[in-house]
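Enquirer: Just need the whole structure built from these sequences, with the hints factored in.
Residue numbers (our numbering), protein chains in the order written: chain A, 1 to 141; chain B, 1 to 138.
Because the hints were derived from the structure by calculation, they are not lab data. A few of these clues could be false.
Unchecked claim - Derived Cβ-Cβ restraints for the label pairs, each shown as a range: (1) B:I30 <-> A:N35: 21 to 27 Å; (2) B:R116 <-> A:H39: 41 to 47 Å; (3) A:E76 <-> B:D57: 26 to 32 Å; (4) A:N18 <-> B:D68: 27 to 33 Å.
Stated by the list, open to error - Far from chain A, some chain B residues (derived; all Cβ distances over 10 Å): (5) E28; (6) Y31; (7) K33; (8) T49; (9) D57; (10) N63; (11) A78; (12) Y81; (13) D87; (14) V88; (15) P89; (16) Q92; (17) A93; (18) R103; (19) R116; (20) K127.
Just so it is clear, CB atoms sit at the ideal spot from N, CA and C, and this is done for glycine as well.
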Amino acid sequence: MIRITRKVEFSAAHFYHNPKFSAEENQRVFGKCSNTHGHGHNYTLEVTIAGEPDSATGMVLDLKELKDILQREVVERMDHKHLNHEVPELAGKIPTCENVAAVIWNLLEPKIVRGTLDRVRLYESEDLFADCTAEENGLKR
Amino acid sequence: MRISLTRRYHFAASHRLHSPALSMEENERIYGKCNSPYGHGHNYAVEVTITGPVDPDTGMIANLGDLDPFVQREVIEAFDYKYLNEDVPEFQATVPTTENVCREIYRRLTTFSAARIERVRIEETSKNSFEYTGEPAV
Chain A
1 MIRITRKVEF SAAHFYHNPK FSAEENQRVF GKCSNTHGHG HNYTLEVTIA GEPDSATGMV
61 LDLKELKDIL QREVVERMDH KHLNHEVPEL AGKIPTCENV AAVIWNLLEP KIVRGTLDRV
121 RLYESEDLFA DCTAEENGLK R
Chain B
1 MRISLTRRYH FAASHRLHSP ALSMEENERI YGKCNSPYGH GHNYAVEVTI TGPVDPDTGM
61 IANLGDLDPF VQREVIEAFD YKYLNEDVPE FQATVPTTEN VCREIYRRLT TFSAARIERV
121 RIEETSKNSF EYTGEPAV
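Expert: Here it is as C-alpha cells:
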C-alpha cells in the first residue's frame, strides 16, 4: 500500500463561544479565543490517501483529481470565510482545530473514490495540528 | 475516524553523550563528537499528541489552557536552558540521548488527567526526530 499526501492552505476567521455558557464561563474556558469579533489563522491542510497504484497509470489516484476535490470541498467553502458564520457544516459546533478537521474528514471521505482517505491533518499554526485517521489504521500510526 | 491533537513546544538545552560503563575509547568511538567533555546543545522541538473524545461543549479533546501550563511545568521549566546531564536528575545515571529524553518526557506527561498522551515526538535538529508511544500493553 502507498500513501500520498497533498497540501492546501486556506485562511479563515473564527472564535469560540458556547451559548450554553455564561459570559464568565466562555471567558474562562476559551480565553482569548472567546473574543466574539473573531480572529484568524492561516490553516494548512494535509490530506493523505492510501491505496495500491493502478497498474496502467502507476498512480493511487490522479493528484489533479485530489487537488480539484480539495479546492471544491475545502478551499471554496472555508478560504477567506468566517467559520462561525459562513460554513453550514460547522453550525452549532465550536470551530476548534479538532472540529474543523473532523468536518473536513466528513466532507472528503465520500468524495474519495480511488484509494481511501487515510489521514486529514489540519494545522491551525505551525505549533498546533489535529489529525483524523481511519479507525482501523489508528493503532498502526 | 479517530482524532488526535498535537501541540508543539520548544526548549533549548545542552547535553553530552557519555556512559560511565564504557571506557574513554569506547565512549569516543560510540558517541563521536557528541562525547566532547564540555557538552553541546540543540534547539529541541517537542510534539505532544493527545487523544480522547471531543467534548461537545468545548469542541476540544483537552483545553490547551490546561495542557500548555502542564507541559510548561513538567517539562519546559525543567529542560529549557539546562544542561540535561546535570540539571535533570533522571539523566545523572542515564545517557541523555534523545531516545531517552523522549521516554522521560512521555513519563513526565502521563499524569495529565484531561486526555491520554498518545505520543511524544522530539526533533533534536531539523534532520533527526524520535518518537515514543509508550510500551505495548502485555
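Enquirer: Next, verify each hint and record whether it holds.
Expert: To see whether the hints hold, each was checked on the structure:
no.	hint	result
1	B:I30 <-> A:N35: 21 to 27 Å	54 Å, violated
2	B:R116 <-> A:H39: 41 to 47 Å	29 Å, violated
3	A:E76 <-> B:D57: 26 to 32 Å	30 Å, holds
4	A:N18 <-> B:D68: 27 to 33 Å	20 Å, violated
5	E28	37 Å, holds
6	Y31	31 Å, holds
7	K33	30 Å, holds
8	T49	8 Å, violated
9	D57	6 Å, violated
10	N63	7 Å, violated
11	A78	20 Å, holds
12	Y81	19 Å, holds
13	D87	25 Å, holds
14	V88	23 Å, holds
15	P89	28 Å, holds
16	Q92	31 Å, holds
17	A93	33 Å, holds
18	R103	19 Å, holds
19	R116	12 Å, holds
20	K127	18 Å, holds
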